[in-house]
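**Q** Please build the complete structure, drawing on both the sequences and the hints.
These protein sequence lines map, in sequence, to chains A and B.
Here the first sequence is numbered in my numbering, starting from 1 and rising by one per residue.
Here the second sequence is numbered in my numbering, starting from 1001 and rising by one per residue.
There may be inaccurate statements among the hints.
What the hints assert, rightly or not - Rough simulated footprint, nothing fancy, chain A against chain B, three-plus residues with beta-carbon under 8 Å:
1. 1040-1052
2. 1060-1070
3. 1113-1121
4. 1133-1146
5. 1154-1161
6. 1164-1170
These are calculated hints, taken from the structure and not from any lab test.
Ideal Cβ placement from N, Cα and C applies to all residues, glycine included.
Chain by chain, the residues run as shown.
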Amino acid sequence: MPRNRYVTGPVILPVVEVNPDLVELVPLGPSVELPFFCGPLDLLLHLIRKNEVSIYDIPILSICDQYHALIRAMQDLDLEVAGEFLWMAAWLLQLKSKMLLPRTETEEGDPREELIERLLAYRRVRELASILHDKDLVRRCIWPAGVIADFGDEELDLDWEEVDLQLLAETYLQVMQRFAAAHPPPIEVLPLRYNVQDKMREIYQRIAEDDILPLTRHLNRRPDPEEVVVLIVAALELVRLGAARAEQSVPFSEIYLRRGTRQLDEGSLNRTEREGADD
Amino acid sequence: MIDDSLQALIEAVLLTARGPVTADAISLATDREIGEGAIEEAISGLAASWEEAERGVRLERSAGGWRCVTPPQFDHYLRTFHGIASRQKLSQAALEVLAIVAHRQPVTLPEINFIRGTNSSAVARTLLDRRLIRLAGRKKVVGKPFLYRTTKEFLLHFGLERAEDLPDPEDLVEPEVAADA
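**A** Right, here's the structure in full:
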C-alpha cells in the first residue's frame, strides 16, 4: 500500500483486523478511524478510562500490555509511531518490571508516583481544554461591532465564474507583496575601508608628537561612522598594549590619550595585526 | 448630564469604538464631568436592559472593558450575509496548549511539551498566528526559551475579563481518592 495514503491529524487507517477490545473502530467507508491521541498521556488516560481503573492505582501490568498491543497495532498498519509514544512504552515496561520485583525496604514510595503526577497534571489540562472547547462553541458565534475589517485574511470562497484576469493579476501582486515583505533585501556587508593598524599608527604618531590627543573631539571631527569605529578600536588596542594611556577626569568628559609606557615600532604594530587576524 | 443622555453617550461611544472600552475612558471623554462609577453604573443598566429585550446587540464585559456584540443565535445569518463560509475550529491539541498557557503563564514550550508529553511547537505556531498567545520575553534558564502568554484576543474570544477568571482545573476534576476509600 502506498505510504502517502496516510495523513497526519486524525489517523485514517485501512481496514485491518485489530482487536476490537483495544481500539474503538468506527467504520468509515473503505477505511476506519482510530481514535486520535494527542500524545502518549492522552492514550494512557484513554486506557485508564476504558478499563475503569483509578488513576491513583493503575494496574501497570495490564495497562502496559494494552499500551504495547496498541502501539504494535499501529506499527503493523505501517503507521509511523511518534517517538514520544515509544518513550512512554519504555517507561511503562520499566515500571512493569519494577512492579513485578518484590519491594525492598530501601525502596522509597510507589514507582508509579511520577507517572501518576504527570497524568494528573495532564488531566487538569484536558479539563480546562474541554471548558475552552465548550466556550469556543458558543463564543465563535458572537460577532463584535465592525468585525468585517478583521476578516481580511479569511479565505473567501469564490465562484469560478467570478474569477477574471484582473482578479488573478491582483492576487498575484498581493502574493508578491507578501513575499517581498517576508523576504527583505539582504544586508550588504562591504569590505572595511579603514584598517585598525593604520589608525593605530596614526594615533600613536599623534601622541608621540603632541603628547596628548583629545579622543572625543578627534572622533567628532570624522564624518564617517566606520572610521570612528576603527579609531575607537585602534585606541583601545593601543591602551591594551600599553603604548597609550587614557585619562578622563569625570564621567562623560573628554578622554585624553597620552603616551604610554611602551614604545611601539613597525614590527610590533605588524605583530598586533597578526594577533588580530588570529582572534 | 441626566441619565438618559449619559446612556445615549455610552451607546455612541460603544458603536464607534474598536475593541473594548473602559468606563474610565468614557469619563475622560467628558473631561471627568461624570465619574467612572456613574458611567460603570449606567453601562451596567444599559447592558441589563439590552439583555432583557429581544435585540440583536448586547453589551459584554471582557478584557477589562465593554463592547457591543451580537447574540450567538444569529451567527448563521451573519455568516451568510457576509459571505463567510465557516470559521476554523480549534483542534484538541490547540485547546490543550491554550489551556496550559492560560493557566500557567508565562510558560515555555519545553514546559508545555513536558505537561502534554508530546511536541507542541507546530500547535504553538498556529496559536501565535491566530494571535491567541504571544511571546513574552525569554526565561532565564539554559537555552533561554521563549515565554508564552495569552493575548487580549484570547480574553475577547472567550469573554473573559482576566485570564485568572478561568476556573481552576483542580476544582473540575472530581476527587477520585474519596471514591476509592
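**Q** Each of the hints needs a verdict: does it hold here or not?
**A** Now for the hints, and whether the structure bears them out:
1. 1040-1052: That given contact is violated, which follows from only 0 residues of the region 1040-1052 of chain B lying within Cβ reach (below 8 Å) of chain A.
2. 1060-1070: n = 5 at 8 Å, threshold three: holds.
3. 1113-1121: Coverage by chain A holds here, the residue count being 5 at a Cβ distance below 8 Å.
4. 1133-1146: With 0 residues close enough to chain A, the hint is violated.
5. 1154-1161: holds (count 4)
6. 1164-1170: Answer holds; 4 residues pass the 8 Å Cβ test.
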